[in-house]
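Going line by line, the protein sequences match chains A and B.
Residues 1 to 354 (the numbering used here) make up the first sequence, in order.
Residues 1 to 387 (the numbering used here) make up the second sequence, in order.
By construction, these hints were calculated from the structure, which means they are not laboratory data.
One or more of the hints may lead you astray.
If the Cβ cut is set under 10 Å, some of the chain A residues that face chain B in the computed set are [as the list claims (entries may be wrong)]:
| # | residue |
| --- | --- |
| 1 | Pro28 |
| 2 | Gly30 |
| 3 | Tyr35 |
| 4 | Ala42 |
| 5 | Val45 |
| 6 | Pro126 |
| 7 | Tyr127 |
| 8 | Trp188 |
| 9 | Val200 |
| 10 | Leu214 |
| 11 | Thr258 |
| 12 | Gln301 |
| 13 | Ala308 |
| 14 | Trp318 |
For glycine and all other residues, C-beta sits at the position ideal for the given N, C-alpha and C.
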Amino acid sequence: MSSEVSQRLRKRAVRHPLRRRSIKDLSPLGKLVAYLILGSWALVVLFPLYWLAITSFKLPIQVNKGPVYLPFVDFHPSLDAWHYIFVDLRDDTLRPYVNSVVVAVGSSALAMLFGSAAAYALIRFPYRPRLGVIGLFAGCLVLAAVLIGFGVSPPLAIVVAAACFALLVGAVGHRFKRALSNRDIAFWMISQRILPPVAVVIPIYVLFQHVGLLDTRTALVITYAATNLPIVVWLMRDYFNRLPWELEEAAFVDGASTFRVFRSFTLPLSMPGLVATFLIVFVFAWNEYLLALFLSSANAQTLPLTVAAQNATRGPQWWYMSVLIQIMILPVIALAIGLERVISRGLLVGAVKG
Amino acid sequence: MDAGRLTRGRPVATRGVLEARTTRAGSALGPNFAVRTAFIWPALLVILFVSIFPLFASLYISLSRLELARGGFTFHFIGVENFRELLFGGERTHFLGVSRPLTALGWVVLVAGLALLCWGLARAWRGGVSLVGMAFRLVGAFIGAAGLWLLTHTLLSHGGRPGTVVVTLVYVAVGIAAQFLLGLGLAHLLTQGLPGQRFFRVVFLLPMMITPVGVAYMFRMLTDTSKGPLEPLWAAVGLTDFSWVTSPWGARVAVMIGDIWQWTPFMFIVLLAALESQDLETVEAAMVDGANRWQTFRHVTLPAILPVCTTVILIRLIEAFKIIDLPNVLTNGGPGTATESLSLHAYVRWRTLDLGQSAAVAYSLLFIVTLVAVAYVSLLRRRFAEE
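The task is simple: from the sequences and hints, build the whole structure.
Shown next, in the form of structure tokens:
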């Protein structure tokens with residue numbers, strides 16, 4: 001609480017000169033122009049949303065005979081479309097909604113769990129995987145793949161490859177000199193973001209088909225968690241890096257275990273960062289379209305997919321579509337309005353340090 | 001792979017700053033091997049199984065053809081046939097586009113671009129770059145020239161048509177340029193100390209959070225010339241029969257407007273924070289010394305936020321190449337294939353069960369993104385950020 005106050009005081013002390021200067025310097029005309037520009041962009045942003053909102057209260061005839069703009073003035077609003085979506089189509093609306101919530105929350109939680117643990121480890125513990133060992137690992141994977149290709153049963157091939165790997169590492173592992181640092185590992189993880197999802201989704205599809213997880217929420221949760229993991233590692237690494245090490249050190253001296261320190265010191269202290277990162281990842285998962293398009297059809301269909309599908313079948317039925325889209329975007333809009341500062345700070349951390 | 005065990009016994013002095021700090025945890029009090037493994041391996045495993053292994057499997061699929069066999073299907077290895085098909089065969093029109101003789105403007109752009117490439121190479125040569133570095137630059141320049149040839153012959157030619165590669169590049173280039181300029185302008189206006197900042201900040205952030213599918217649909221409503229809200233405007237210029245989505249460039253512009261609307265907020269929010277955190281004393285000093293607004297911005301503010309600028313552009317660059325929702329929902333990729341992006345192209349091929357071709361398109365996308373990102377980083381970011 002007190003730190004917040006002091007921060008605010010400091011901000012005021014720093015900002016004040018600029019603000020005074022700016023107001024004095026900006027001529028009335030300049031101010032007018034600035035407001036005009038800002039206002040017109042605000043209009044550009046808000047008008048599509050306004051149009052979406054009023055369209056959902058229109059009757060088909062009111063849409064088809066040309067545009068009308070003001071409810072109660074130009075046309076009489078009706079709840080027909082809302083009634084249709086929520087009452088007539090109840091289950092068809094509810095199922096994708098539940099899917100979306102489960103998948104977005106589940107995958108974000110999973111990504112946060114794995115991602116923040118990895119980010120913490122990369123900040124606090126030294127890792128020095130040797131290039132040669134990584135090469136051996138890759139070689140043994142290739143060996144396993146080749147064995148499977150030649151008709152050896154997969155479990156056997158994996159066991160053989162693992163045995164080869166263990167033997168080779170034991171025999172020559174210590175001879176390798178060149179190693180990667182934590183920074184390299186972090187960069188490798190973050191650089192996964194370059195990968196377009198479409199480049200990996202086909203094998204994932206085949207994989208899930210084999211294990212019978214296709215068109216389930218589990219498949220989507222796992223895939224989304226993996227695509228969002230780099231973001232979590234990237235943002236959380238920075239938050240953890242700013243925490244004072246002394247506190248944790250003291251806990252270690254007192255004999256606390258690493259897990260305990262992580263859970264009762266590090267995580268609570270970095271709560272703002274965790275919240276911001278969770279929200280960003282949640283929004284990404286909520287809005288995701290491509291992976292869901294490939295990996296789900298009827299059962300696990302998420303909201304964006306439902307909306308897109310409706311668009312194809314009932315393209316001109318704008319009144320229904322508007323309702324669906326509104327219930328899809330309301331949660332994220334609420335997040336944006338309520339937590340604007342948290343989210344912007346989260347984004348900034350990534351971009352500035354990136 | 002067992003990183004922890006191999007670490008032991010390394011002298012502290014050889015480690016970097018980061019490691020020196022972590023060593024305190026690692027040596028005396030730090031966790032043992034099992035704990036360290038438990039912390040990092042879940043993330044590694046997820047990435048390995050959902051990104052790395054599929055990436056290699058995808059490469060294999062792109063080199064094969066799906067064949068129906070008894071009780072399922074098999075992948076039949078056919079070498080680079082899929083890629084050949086994309087670059088020289090029947091899919092060329094779809095993927096690269098139709099090239100035709102250049103217009104005058106096309107010639108100007110092509111010659112100017114080539115001259116620029118040669119100039120860059122000559123400068124590097126005179127600057128004393130190593131042989132390996134020069135070889136890399138030559139390869140880069142060659143790819144750049146090929147890209148330029150493709151862009152000019154499909155976009156600035158008599159009757160040429162861009163394929164999905166070119167369309168994606170146009171989306172990325174136009175989108176990022178517009179988003180950056182708009183975002184920077186709006187952010188700059190909001191640091192002028194005007195009342196009502198909080199309202200604008202929240203409003204300007206909104207589009208970024210909205211589901212792209214929803215954005216696509218909204219713009220489909222707005223661009224309708226007979227039932228959309230701008231109908232009076234279209235009627236006034238006599239365009240009521242015109243439909244954006246039936247003209248190739250109209251449809252592409254609609255997609256780009258949607259993209260710009262959605263992603264300007266990202267640039268805006270990051271640049272705003274960067275502007276707010278800049279050192280105000282230098283700004284004041286410049287003003288006191290008599291610099292006008294533009295000079296202050298150009299010579300004081302812009303250099304200060306340049307590293308952030310290059311980073312946000314890089315982030316958007318990587319993300320923008322993945323565009324699929326907008327063209328798929330807004331225009332269905334049409335008219336024809338005019339608005340298809342590379343991701344959508346891959347999806348369309350996948351839907352027709354041509355998995356090999358689909359993976360080949362996806363791999364081309366990966367190749368192009370990596371190439372552009374690497375080129376961007378090595379050309380611009382290093383120069384500005386390390387000054």
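Using 10 Å as the Cβ threshold, decide whether Thr258 of chain A counts as touching chain B. Cβ of Thr258 of chain A sits 4 Å from chain B, so the hint holds.
Closest C-beta approach of Val45 of chain A to chain B relative to 10 Å, hint status: holds (6 Å)
Going by Cβ atoms only, is Gly30 of chain A closer than 10 Å to chain B? holds (8 Å)
With 10 Å as the cut and Cβ atoms as the points, is Trp188 of chain A at the interface with chain B? holds (9 Å)
Given Ala308 of chain A was flagged as interface, is its beta-carbon under 10 Å from a beta-carbon of chain B? Because about 5 Å separates Ala308 of chain A from the closest Cβ in chain B, which is inside the 10 Å limit, the hint holds.
Taking 10 Å as the limit, does the beta-carbon of Trp318 of chain A come near enough to a beta-carbon in chain B? Status holds, d = 6 Å.
Please verify that hint: Tyr127 of chain A, Cβ, nearest Cβ of chain B, below 10 Å or not. This interface hint holds because 4 Å falls under the 10 Å limit.
At a threshold of 10 Å, is the proposed contact between Ala42 of chain A and chain B supported by beta-carbon distances? holds (5 Å)
Val200 of chain A as chain B interface residue, shortest Cβ-Cβ below 10 Å: For Val200 of chain A, the interface hint holds, since the closest Cβ of chain B sits about 4 Å away, which is under 10 Å.
Is the hint on Leu214 of chain A kept, meaning its closest Cβ partner in chain B is under 10 Å away? violated (14 Å)
At a threshold of 10 Å, is the proposed contact between Pro28 of chain A and chain B supported by beta-carbon distances? Result: violated, 12 Å to nearest chain B Cβ.
Please check whether Gln301 of chain A passes as an interface residue: C-beta within 10 Å of a C-beta belonging to chain B. violated (12 Å)
Hint violations for this structure: numbers 1, 10, 12, all remaining hints satisfied.
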